[in-house]
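Q: Sequence:
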Amino acid sequence: MKVLICGASPDRINNNAILRNYVAQGFRQVLGDDLVACCSLDIANEVAKLTRPDLVLVFGSCMPESCDYTGVRNYCSSTGAALAFWLHDDPYEFDLNFKIYKYADYIFSNDRWAVEHINHKNVHHLPLAADQKSHFLNVSEMMVRDVFFCGVGFPNRVQLLIDSQDQLSSLNTEVLGAEWPATLRFATNRRVPNEKMSGLYNTSLVTLNLGRRHNLANEKYNLDASTPGPRTFEAAMAGTVQCYFVEGLEITEYYKPGDEILLFDSPNELKRIVEELLDDPAKRKMIAEKSQARTLKDHTYANRAKAILLNIK
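Final position of the sequence shown in my numbering is 313; the numbers increase by one with none missing.
If you're looking for bench data, these hints aren't it; they were derived computationally from the structure.
Built from N, CA and C at the ideal position, the CB exists for glycine as well.
Each hint should be verified, as a subset may be incorrect.
DSS-like, lysine-lysine: derived pairs with alpha carbons at most 30 Å apart [as the list claims (entries may be wrong)]: (1) K2 to K49; (2) K285 to K196; (3) K133 to K102; (4) K196 to K290; (5) K133 to K256; (6) K297 to K285; (7) K102 to K2; (8) K121 to K102; (9) K2 to K283; (10) K121 to K271; (11) K102 to K306; (12) K271 to K283; (13) K285 to K256; (14) K313 to K102; (15) K133 to K285; (16) K99 to K49; (17) K306 to K99; (18) K121 to K290; (19) K102 to K196; (20) K271 to K290; (21) K290 to K256; (22) K2 to K285; (23) K49 to K196; (24) K256 to K196; (25) K121 to K2.
Cβ-Cβ distance ranges computed for the label pairs, FRET-style [what the hints assert, rightly or not]: (26) V246 to K2: 41 to 47 Å; (27) P193 to K285: 25 to 31 Å; (28) L310 to R12: 30 to 36 Å; (29) E289 to R190: 26 to 32 Å; (30) K102 to M1: 33 to 39 Å.
Use the sequences and the hints to build the structure in full.
A: Listed below in structure tokens is the structure:
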């Protein structure tokens, strides 16, 4: 089978275009380099006509108004190729998913709870993943910091870190990203590109995993996210120990609590976990290695490519 992976939005407004490259790499590992093409949505119709894929996979966000899938739909209709969409921003943009229903033969959503609400005959749950080539680092014993987090300062994250400030301030804590308030003494508003993240994860005793509550178009059902995002898998691949703030238990389907990931639900519990790992470097190393091994086994983009191909009939 020949496959074309294209963006769901034009690259000029696509902040996550690098993820599409990871998806393409996953398919290449399964099918071989010669059978997989990858491009922006802007030129997808032309690339499809040139490469003649049997499957066009549109990956990303369909939220922007400039997204036009007519060309790839026409190509698929005229050749018998399948057109699939893999949405990576559910449920935060759920209300706009209807735009793809008339085009899609198959829909894959990154979020399990969102899948239950998508009105399409061929819809499947498919979490994001990690790319071994881009994210893997050997587990390190040289720690630069105790606690690390990088991301946007959404209100729920800000509140949790404010509530945890007394506990985290006594540790070597570094929070990076954007929109963090000055009141968080250990936070710096500095964005980090995806390709630089692994080194930061790898040299952190623990990495915080804090979910997002920031909807752009999610008013119809006001869905809560259930599936962990891609940084969960990327951080594990990079050889860190993740402390996951518990808001749901789906995470336990991807990593074994206490063995491959550590769960906490309060600032005091977080501090207890960090102090325990500071006192027991061997335990920290063991958890990081087990988490990384689980990711290599179950949570690569090659795993996800195989799942897509199994569902395409």
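Q: Does each hint hold? Answer for all of them.
A: Results for each hint:
1. K2 to K49: holds, 12 Å
2. K285 to K196: This hinted pair holds, its Cα atoms lying about 21 Å apart.
3. K133 to K102: violated, 36 Å
4. K196 to K290: Measuring from Cα to Cα gives roughly 23 Å; hence the hint holds.
5. K133 to K256: holds, 24 Å
6. K297 to K285: holds, 18 Å
7. K102 to K2: Holds. K102 to K2 sits at ~23 Å (cutoff 30 Å).
8. K121 to K102: Holds, because 11 Å separates the two Cα atoms, which is no more than 30 Å.
9. K2 to K283: With a Cα-Cα distance of about 45 Å, the restraint between K2 and K283 is violated, given a limit of 30 Å.
10. K121 to K271: Violated, because 46 Å separates the two Cα atoms, which is more than 30 Å.
11. K102 to K306: holds, 25 Å
12. K271 to K283: Judged against 30 Å, a Cα distance of about 16 Å means the pair holds.
13. K285 to K256: holds, 16 Å
14. K313 to K102: holds, 18 Å
15. K133 to K285: holds, 21 Å
16. K99 to K49: Holds, at roughly 24 Å.
17. K306 to K99: Holds, at roughly 26 Å.
18. K121 to K290: violated, 38 Å
19. K102 to K196: violated, 38 Å
20. K271 to K290: holds, 22 Å
21. K290 to K256: holds, 9 Å
22. K2 to K285: violated, 41 Å
23. K49 to K196: With Cα atoms ~36 Å apart, K49 and K196 exceed 30 Å; violated.
24. K256 to K196: It holds: about 27 Å lies between the C-alpha atoms, which stays within 30 Å.
25. K121 to K2: The hint holds at about 24 Å.
26. V246 to K2: 41 to 47 Å: holds, 43 Å
27. P193 to K285: 25 to 31 Å: Given range 25 to 31 Å: holds, Cβ gap about 27 Å.
28. L310 to R12: 30 to 36 Å: holds, 34 Å
29. E289 to R190: 26 to 32 Å: Holds, at about 29 Å.
30. K102 to M1: 33 to 39 Å: violated, 24 Å
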